[in-house]
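J.: Here's the letter readout for the chains.
2 protein chains.
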Amino acid sequence: MEKIAIVGVGNTKIGEWYENSLRGLTDIAISKALESANIEPKEIESTFIGSMSSGIFNQQEHISALIGPHSGVYAPALRVESACASGSQALRVAMMAIGAGYYDTALVIGVEKMTDLIDIGDITTALGTASDSSWELGVGATFPALFALMMRAHMHKYGSTLEEFASVAVKNHDNGSLNPDAQFRKKVTMDTVMNSRVIADPIRLFDCSPVSDGAAAVIVTTESLAKKYTDDPVYIAGTGAGTDHIALHQRPDITTMESTKRAVKTAFDMAKIKTKDVDFIEVHDCFTIAEVITLEDIGFCKKGQGGKFSLEGETALNSKISVNPSGGLKAKGHPVGATGIYQVIEVFHQLRNEAGKRQVTNNNIGVTHNIGGSGATCVVNVFSRGD
Amino acid sequence: MEKIAIVGVGNTKIGEWYENSLRGLTDIAISKALESANIEPKEIESTFIGSMSSGIFNQQEHISALIGPHSGVYAPALRVESACASGSQALRVAMMAIGAGYYDTALVIGVEKMTDLIDIGDITTALGTASDSSWELGVGATFPALFALMMRAHMHKYGSTLEEFASVAVKNHDNGSLNPDAQFRKKVTMDTVMNSRVIADPIRLFDCSPVSDGAAAVIVTTESLAKKYTDDPVYIAGTGAGTDHIALHQRPDITTMESTKRAVKTAFDMAKIKTKDVDFIEVHDCFTIAEVITLEDIGFCKKGQGGKFSLEGETALNSKISVNPSGGLKAKGHPVGATGIYQVIEVFHQLRNEAGKRQVTNNNIGVTHNIGGSGATCVVNVFSRGD
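Chains as they are written, first to last, in this note's numbering: chain A, 1 to 387; chain B, 388 to 774.
Pulled out of the complex, with its shape left as it was, chain A reads as follows (with noise of 0.2 Å):
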């Protein structure tokens, strides 16, 4: 199968963009990754978003017939969703959709606008919707009291501390600190998220990602086409999705997520690489124990000693395993059906040398990892720039 390259991105700042639309935002992205493959609107042959709820955050579905026409690109358009993972499977529907000879050359775009919902309490619904509706929010159960029963679970069973998810978040910050289209760019201390105030015990205000609106877009070609856009293409050399039980309480464990051992195996199989060739990555961390879990299950470390690692240091910005050098969804922001398409293109730009202050000096092999839900959906995408 002939590899699938990307070959130009774009996306807006992540904030609070009270002052622009769900269209305003992508035509934003849109404009700036043709511009940067340099090809006209026309050369689209196909066009895959992903987004998790515009029905509820902008009482409007069917934006692949809103979003391409507004900005020009008139091609064959379809959304798709897998809540917070919504973007990373645009990313692989387009894959399939080139590697089976239907296109050649396809818009890939994530975005969330979810500060059309005013109030936080309207929001954390919203997003709730992504959890077992039903056995889950229905009960009162939102995300963050979600990822806290899993953080007091892993406390729990691995005696994993406060301390050691806070390093997650201060680490974080310190990278979101040096990236321009960050939502935070402030540096935080031990101090501030461990005194922060409680969210749902043990998260803390600062465990948790932030509420965020967003664009991003990438060009995907085949790997012959690739060159004539851009000299420095950058290559998908594997993806892997996984699956899991929407709700928390039918798994047997919730203190790991097999969706990602799932999603890995698929992906680095694909990509003939082991754990170790990964150089960067950026992981879906919507709360600091999802970082944890996530470095145990794809074996950056072993399983447990997930805080400890990040306490030590080994996932700092050119440490052992730099994580997240973008900020992650902690600093970085998270606007949810977007995010996947911002990890890809902070991987694009760290393995062309063009992330600046915050550049990782070994980026031969970069990963995304993004998961929806509280983990019941997990894709996982090597990059490389096949040299």
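A portion of the hints provided could be inaccurate.
As the list claims (entries may be wrong) - Heads up, simulated BS3-like pairs for lysine-lysine below, C-alpha to C-alpha not over 30 Å straight-line: (1) Lys265/A <-> Lys574/B; (2) Lys303/A <-> Lys429/B; (3) Lys320/A <-> Lys308/A; (4) Lys42/A <-> Lys429/B; (5) Lys390/B <-> Lys265/A; (6) Lys42/A <-> Lys648/B; (7) Lys659/B <-> Lys42/A; (8) Lys274/A <-> Lys659/B; (9) Lys574/B <-> Lys429/B; (10) Lys429/B <-> Lys3/A; (11) Lys3/A <-> Lys652/B; (12) Lys659/B <-> Lys390/B.
Unchecked claim - To list a few chain A residues with every Cβ distance to chain B over 10 Å, as calculated: (13) Met95; (14) Ile273; (15) Asp279.
Hints in this document: simulated from the structure, not taken from any laboratory.
Glycine is no exception: its CB is placed at the ideal position from the N, C-alpha and C atoms.
Starting from the structure of chain A, add chain B where the hints point.
T.: Frame of chain A, contents of chain B only:
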């Protein structure tokens, strides 16, 4: 490229399933489809789900993780959305995934559980999110209103008559009366249709498809594996999709659908057929005007003559071209995101001579035509027995 085969199908009856749930309905459809193909859940390698708005109808996004595991299918899953064309888009994505070699065998589901919303105003608003929410729904133009504009424009431009439109509803109720899975199994007279109450002038109640619940599932696999599961596989000979501006005011002519023309050209070219080769077709008659426009856009009759063509009986069962032998959206029902898969299942049964009293006698080539919104999205698929 190897052809994709459908080897098993299953669905619920369409209706108002107040006593069941989204996951309950899909469980019925999946169980029947697995049994139909005599396949074990573990043989399913991926699941693709079409649903328009489970977020608004059921306060449940992320149904890709909800549905599969609930029915014992743990394969990687994702949801595809293009409003009422979601089901057909999900089938296209499954074809891409298999065509690119990611999987050999997939489960494709369409589901919509609309009656979790009780108030008809809430349902109409939910459906309106498939239009331009800011510039159509937001100013009160719900779907009956948008299609009323198209119908009035068609009457003005071509002199089509209310009687002609009514003939579409009468014919589809005739066919639906022969379909045990249809929501409405009563024949209706021209008089009943033309004297039903006005919804949005000139659209009357019997010009509209109903609010419906339903789930439908098909098992797809490669040509080489198909005979393992059934002696009579149905093959997808061609597929095409088109995207146009979402809002009516952005289109130069609202008496035609550019998306239909684009989808038909791609699908028919891929299948190497012309319009005259089509033996029967399931078209997207969300309102009677939609069927009339589609007859013209596909070329079964001259532009502007779709209503006359219908009134003259040319689209009745086993006449010149059998249109909506299932009863169509009008009589069979319209569980929006599921409709595309119900269309496929009708074609599957017709091609295999399993359609009972509504069996079409010329049954070599069957086509499905599925639109999203007021026609901004269209998906057309062509099916044959492959012999």
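J.: Check each numbered hint from earlier against the structure, then list the numbers of those it violates in ascending order.
T.: 1, 4, 8, 9 and 13
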